[in-house]
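Undergrad: If you read the protein sequences in the order shown, they are chains B and Z.
Take the first sequence: its position 4, counting from 1, is numbered 4 in my numbering, and each next residue is one higher.
Take the second sequence: its position 30, counting from 1, is numbered 30 in my numbering, and each next residue is one higher.
Heads up, a few of these hints could be off.
[Claimed, not checked] In silico SDA-like cross-links for lysine to any residue, where the CA-CA straight-line distance does not exceed 25 angstroms:
no., chain 1, residue 1, chain 2, residue 2
1, Z, 64, Z, 152
2, B, 64, Z, 187
3, B, 64, Z, 286
4, B, 12, Z, 152
5, B, 35, Z, 309
6, B, 26, B, 46
7, Z, 285, B, 22
8, B, 35, Z, 182
9, Z, 194, B, 22
10, B, 12, Z, 64
Because the hints were derived from the structure by calculation, they are not lab data.
Note that this is a predicted model, so its numbers are computed, not measured.
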Amino acid sequence: MKIEILGTGCSKCTALEAVVKEAIAKSGKFIQLEKVDDIMKIMEYQVVSTPGLVIDGKVVSTGKLLSVSEVLSFIA
Amino acid sequence: MWKEIVDYLTNNLLQLDGHLGEAVNFFIYDTVKIWFLLITIIFVVSYLRTHFNTEYVRAHLQGKSQLYGNILAALFGIITPFCSCSAIPLFLGFIQARIPIGVTFSFLISSPMNNEIAIALLFGLFGWKITAVYIGFGLLVAIVGGFIIGRLGMEKYILMDVKPMEGELEEVKINLTNKERIKEAYLYTRDIFKDIYIYVLIGVGVGAFIHGYIPTDFIAKYAGAGNPFAVLIAVVMGIPMYSNAAGIMPLVEVLTGKGMLLGTALSFMMAVTALSLPEAMILKKILHVKLIATFFTIVGVDIIVIGYLFNFLL
């Protein structure tokens, strides 16, 4: 599984990254995490409000700082 | 009823009178009232907002004609959240969807101006009439400002090369149960309130001091009818203050009570929310300074005209 966090360095994006890291640790799964800050790549995902959360190439959330349990529900 | 409780508390229980009593009474009354209204209104707005997001707005603005697009974009600006940190993906994403630059600006002006914090504070401090006037003129500024920018042909000042997409965007569907919407609204309200309650406290605190101690002629002389440049100065002062809207609005209320003209107050508050220095700095990464300056000038002039018009009419 691969998770991508789309964000250009806003405070919510950094916060989401920390949340996702915690969720991955809690899930105990092997998950690849990538931070995407290239605006062109973000736009390819059709996301206009950051942070965006992409799991296996699919956008699951935009413009929101999710909680650990919400992220866990996506990767479970 | 709340007024009576606070009056009883300050007069009978604490035995305060004179300037100090007035300031304490005002402080307690206003802080709690504004907190209550903030929580209520932010909750309602964020609940409604779970039906929309920026991606949804983009899909709906695609392919709309100039003026209609401006109006629609300004209206969407009321309901969608705005964070200056999202300004770049938003701007480029709109251009990518072939939404005209003027329509994009209508959204970019309306969204921070008609944000839920400003609306809740206005409603709590000034009542629904002033809130309606603020939103009405806010929409007007967004529509007119965006329309003018659209007519100036400034597309060449976008510094990033965005490939326009082919075809139409798919309809964005948001599938949430009512329970999820309420939970989301609750979390959002909690986060926002945590961020701003202290500014409200400081704003009302300083306001209470002015209310109790600073004489009316002092404010009236500098911000009232006696100073013809008041609106202009107010707008310029409003530009660097965006992040502190929650602290500034309670102050403005006190100042109007002390003789600051309402048009001046209105212009000042619009400048605080619509013209944000940090947003300009962020946009500078993708837009030429000329375009940003045009944007600030057009919106600034609009706001100043509104202020003078109001002072003149009332």
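Undergrad: If a hint holds in the structure, say so; if it does not, say that too.
TA: Results of checking the hints against the structure:
{"no.": "1", "hint": "Z:64 / Z:152", "result": "19 angstroms, holds"}
{"no.": "2", "hint": "B:64 / Z:187", "result": "11 angstroms, holds"}
{"no.": "3", "hint": "B:64 / Z:286", "result": "23 angstroms, holds"}
{"no.": "4", "hint": "B:12 / Z:152", "result": "35 angstroms, violated"}
{"no.": "5", "hint": "B:35 / Z:309", "result": "50 angstroms, violated"}
{"no.": "6", "hint": "B:26 / B:46", "result": "29 angstroms, violated"}
{"no.": "7", "hint": "Z:285 / B:22", "result": "32 angstroms, violated"}
{"no.": "8", "hint": "B:35 / Z:182", "result": "30 angstroms, violated"}
{"no.": "9", "hint": "Z:194 / B:22", "result": "23 angstroms, holds"}
{"no.": "10", "hint": "B:12 / Z:64", "result": "32 angstroms, violated"}
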